[in-house]
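Same order as they appear, the protein sequences are chains C and E.
Heads up: the first sequence runs through residues 1 to 308, numbered per UniProt numbering.
Heads up: the second sequence runs through residues 1 to 554, numbered per UniProt numbering.
Just so you know, these hints were derived from the structure itself, not from any lab.
Fair warning: there could be bad hints in the mix.
Claimed, not checked - Dumping the calculated DSSO-like pairs for lysine-lysine here, alpha-carbon to alpha-carbon at most 30 Å:
| # | chain 1 | residue 1 | chain 2 | residue 2 |
| --- | --- | --- | --- | --- |
| 1 | C | K152 | E | K173 |
| 2 | E | K476 | C | K285 |
| 3 | E | K181 | E | K212 |
| 4 | E | K176 | E | K212 |
| 5 | C | K57 | E | K480 |
| 6 | C | K285 | E | K176 |
| 7 | E | K480 | C | K39 |
| 8 | E | K178 | E | K149 |
| 9 | E | K110 | E | K149 |
| 10 | C | K197 | E | K139 |
| 11 | E | K173 | E | K210 |
| 12 | E | K105 | E | K209 |
| 13 | E | K480 | C | K62 |
| 14 | C | K57 | E | K487 |
| 15 | E | K476 | C | K57 |
| 16 | E | K138 | E | K110 |
| 17 | E | K480 | C | K291 |
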Amino acid sequence: MSFVEYGDTIKDGDTAIVFLGHESMFPVKVQHGSKTQTKYGVIRHSTDLIGKRYGSKVTCSKGGWVFILHPTPELWTMNLPHRTQILYSTDISLITMMLELKPGSIVCESGTGSGSLSHAIIRTVAPTGHLYTVEFHQQRAEKAKEEFQEHKVEHLVTVKNQDVCKNGFGVSNVADAVFLDIPSPWEAIGHAQSALKIEGGRICSFSPCIEQVQRTCLAMEEHGFTEINTLEILLRVYNVRTISLQIPDLGKAAEDNSSTGFDSTNQSNQGSLYGILQQGTAQFKSGVPLKEMVGHTGYLTFATKSLF
Amino acid sequence: MSRDIPSPPPAERNNAAPAHPAAANENVGPGSQRVRSAGPHRKWQEGPAGRQAGGTGNRQRPSGGRARGAMEESAKPGLRICEGDCAVLKRDEVFKAVLVLRRRKVIFEKQWFYLDNAIGHIYGTTFEVSSGGSLQPKKKMEETTTETKEAGTDNRNIVDDGKSQKLTHDDIKALKDKGIKGQEIVQQLIENSTTFRGKTEFAQDKYIKKKKKKYEAVITIVKPSTRILSTMYYAREPGKINHLRYDTLAQMLTLGNIRAGNKMIVMETCAGLVLGAIMERMGGYGSIIQMYPGGGPVRAATSCFGFPESFFNTLYEFPLSKVDNLVSGTFSSETLPSEPEYNVPVEEESNGSLDEKQTLIQETEEESSTEAVMESNETEEQETMDLAAEDTDYKESKEKGNKENIREKQRKQQERRRKLVETAALLEEKNADGLIVASRFHPTPLLLSLLEFVAPSRPFVVYCQYKEPLLECYTKLREKGGVINLKLSETWLRNYQVLPDRSHPKLMMSGGGGYLLSGITVTVEKVQSDASSLEAQKIEEPTSKKRKLQELHC
Chain C
1 MSFVEYGDTI KDGDTAIVFL GHESMFPVKV QHGSKTQTKY GVIRHSTDLI GKRYGSKVTC
61 SKGGWVFILH PTPELWTMNL PHRTQILYST DISLITMMLE LKPGSIVCES GTGSGSLSHA
121 IIRTVAPTGH LYTVEFHQQR AEKAKEEFQE HKVEHLVTVK NQDVCKNGFG VSNVADAVFL
181 DIPSPWEAIG HAQSALKIEG GRICSFSPCI EQVQRTCLAM EEHGFTEINT LEILLRVYNV
241 RTISLQIPDL GKAAEDNSST GFDSTNQSNQ GSLYGILQQG TAQFKSGVPL KEMVGHTGYL
301 TFATKSLF
Chain E
1 MSRDIPSPPP AERNNAAPAH PAAANENVGP GSQRVRSAGP HRKWQEGPAG RQAGGTGNRQ
61 RPSGGRARGA MEESAKPGLR ICEGDCAVLK RDEVFKAVLV LRRRKVIFEK QWFYLDNAIG
121 HIYGTTFEVS SGGSLQPKKK MEETTTETKE AGTDNRNIVD DGKSQKLTHD DIKALKDKGI
181 KGQEIVQQLI ENSTTFRGKT EFAQDKYIKK KKKKYEAVIT IVKPSTRILS TMYYAREPGK
241 INHLRYDTLA QMLTLGNIRA GNKMIVMETC AGLVLGAIME RMGGYGSIIQ MYPGGGPVRA
301 ATSCFGFPES FFNTLYEFPL SKVDNLVSGT FSSETLPSEP EYNVPVEEES NGSLDEKQTL
361 IQETEEESST EAVMESNETE EQETMDLAAE DTDYKESKEK GNKENIREKQ RKQQERRRKL
421 VETAALLEEK NADGLIVASR FHPTPLLLSL LEFVAPSRPF VVYCQYKEPL LECYTKLREK
481 GGVINLKLSE TWLRNYQVLP DRSHPKLMMS GGGGYLLSGI TVTVEKVQSD ASSLEAQKIE
541 EPTSKKRKLQ ELHC
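I would like the entire structure built from these sequences, with the hints used as guidance.
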């Protein structure tokens, strides 16, 4: 297994995802002799995990079972330990496409944070690209380094512990794309520009507040970036449910045949119109939105560095 | 810190690259012996060569910068506009894909010009259309003086009677004919506008921007990419791509974990845009099997990307009409679907020279439609061939050519059959790393059958323009089992205007970009009936209490 390549069977040292049920899962480091507790009982790594095929069902000691999944950056994003607020796959998807990332791309990122976007970038630029990621918080930088090593992607990423606004990314004219998710991105635009290749590249800045966006757009313009474009993307999830609605009783029409189809004596008509199961209800399938949804994560500002 | 980055091997090696089954053979546990053997499934060790390998020539040492003077490396593949490239013309937010050919008139945004002068320039260069239809590179100009102009405070006294501009249509036309530059025309318009000085600064700004947009026609030539092509198609030909908005496509690529080295199954009827996007994200590594309806896959958009030939070595196709056979084990290569010369590149088929293809493209170009330029449509080829046949030159060599033609056709037929068998074998391994569906067909039957070919613990994503078919799909998948983490979603996309003191979302936004159903495959085991209902329940909708907590999770 690897975060940048699929494997078939679970091995010692892998990071696997334990899936318990609807939106309930957690990552686990597979190790000989280890045990993992779940609400369904114990999972013994040596006997239950190692050698099993990814996607298999594993029965736990109490009789319940779980699925063991191959890790992907998306599953990692949903399950990683948060050290900071993270970017979720919705924003990550748009960033990846708008920065034109692909195998071989060289990317500069700051701040590393909890490594959510980092893992996604590494996955996309592998095997020939590279990620230079800068984090000014020492512990976070170290934790990120550790995780990349555990996930066997350290050859694709370089973590630097410094302040990107003061000292830049540590590389010049190598990047195809730069990503900024920092409190004052306008202070790093100059460094971003020098990190990007001479012939050009793409830049993205993520900021929760519109004031930050305004300053950043101005800085981008001043540094000669073109195609400056700010947008936001929101995810709407639907639950698939079978809904039964009661048919209201509008009373019996006296003798009259010109009543609507809701007349209870017209059972067969009703049935064909509304797929009625039992008397007085109509059933249908619906994609029901959730009660609450994420309304805002941050504004994404993209721009192009060009020679002209 | 030493870093071992495999550099792409030179082009010649690609042809000899067989599968490298080393990693895939470590089968300790149960399950079938899985060897990616049938056909070259290129793992990372053997990379692709060619223009599109991302930042080629940039295998940097981790730290430290590069020497300046990288401009000398402009011989870098893909940096400069070359004849035969597919390039994208851009003016403000409008895109159009064109083939770069000499002495070929191009229309774009009500302007006619030739691309000849663009050849040799770096992608991203901005041009102006000068008299005679030639392109001239435009230098970055200094902005017009920012001295404090006279301006009003609000519009209470500004009456819109349509008479505030003193220059008439004819006056402006005369200026244009005289060859006056756009910038000058805008200046003239401002001076001849009676209401300009009364406008607020912001209104003046807006007015100038509007006039500049109309009269200062500036065209940038950019390199095609998923970002650009998906935006272009959504704006120009949404019907061709089932109204798949570009951010929805972006979600698909990420949710599907599309990356180098995968073995993907793709079923799309989006003119090949989705296929191209997937190919871009795979960088020539791994393999793709494209399922297609009818006679052959449409890959008009795919050719716009400009991928190197090597990318197509690991691209396979398989007819949907044979899927049932494959699943039931009754596949035979004897009954080939009626495959015309659809998949075969133009050069092979047409007896004529490249010129005819160009003339054809010229004619369809005048219908001003992007895909007409890019689509090497089979019927158009037939027309070309018919036209050629009438030419007396061809009549003479016709008899001689006939026998060779037949042999050639037979050879191609055999080659096609061989490839079909190879592709069937790849599918029968049932170890694909993912499935992407984005078509005009009802998704349910597609998913239920194509998921058979996907390995367990792999993501799949289905796009549908409408929500209802996905509701049904969801239900059927639940009944079938073997999938978890099903999610039905759509994304909302909103653009912003960001200007000092004038920042707000833009007036219009996309009303809809389609829906996605995604999930992960798991192993299907033979379970007793009582256990399976428990299973269905567990994966089914959670209790309302649980739901509240989980729904807050992004």
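Status of the hints after comparison with the structure:
no.: 1; hint: C/K152 to E/K173; result: 65 Å, violated
no.: 2; hint: E/K476 to C/K285; result: 12 Å, holds
no.: 3; hint: E/K181 to E/K212; result: 11 Å, holds
no.: 4; hint: E/K176 to E/K212; result: 14 Å, holds
no.: 5; hint: C/K57 to E/K480; result: 16 Å, holds
no.: 6; hint: C/K285 to E/K176; result: 61 Å, violated
no.: 7; hint: E/K480 to C/K39; result: 26 Å, holds
no.: 8; hint: E/K178 to E/K149; result: 29 Å, holds
no.: 9; hint: E/K110 to E/K149; result: 33 Å, violated
no.: 10; hint: C/K197 to E/K139; result: 20 Å, holds
no.: 11; hint: E/K173 to E/K210; result: 18 Å, holds
no.: 12; hint: E/K105 to E/K209; result: 29 Å, holds
no.: 13; hint: E/K480 to C/K62; result: 27 Å, holds
no.: 14; hint: C/K57 to E/K487; result: 20 Å, holds
no.: 15; hint: E/K476 to C/K57; result: 21 Å, holds
no.: 16; hint: E/K138 to E/K110; result: 19 Å, holds
no.: 17; hint: E/K480 to C/K291; result: 28 Å, holds
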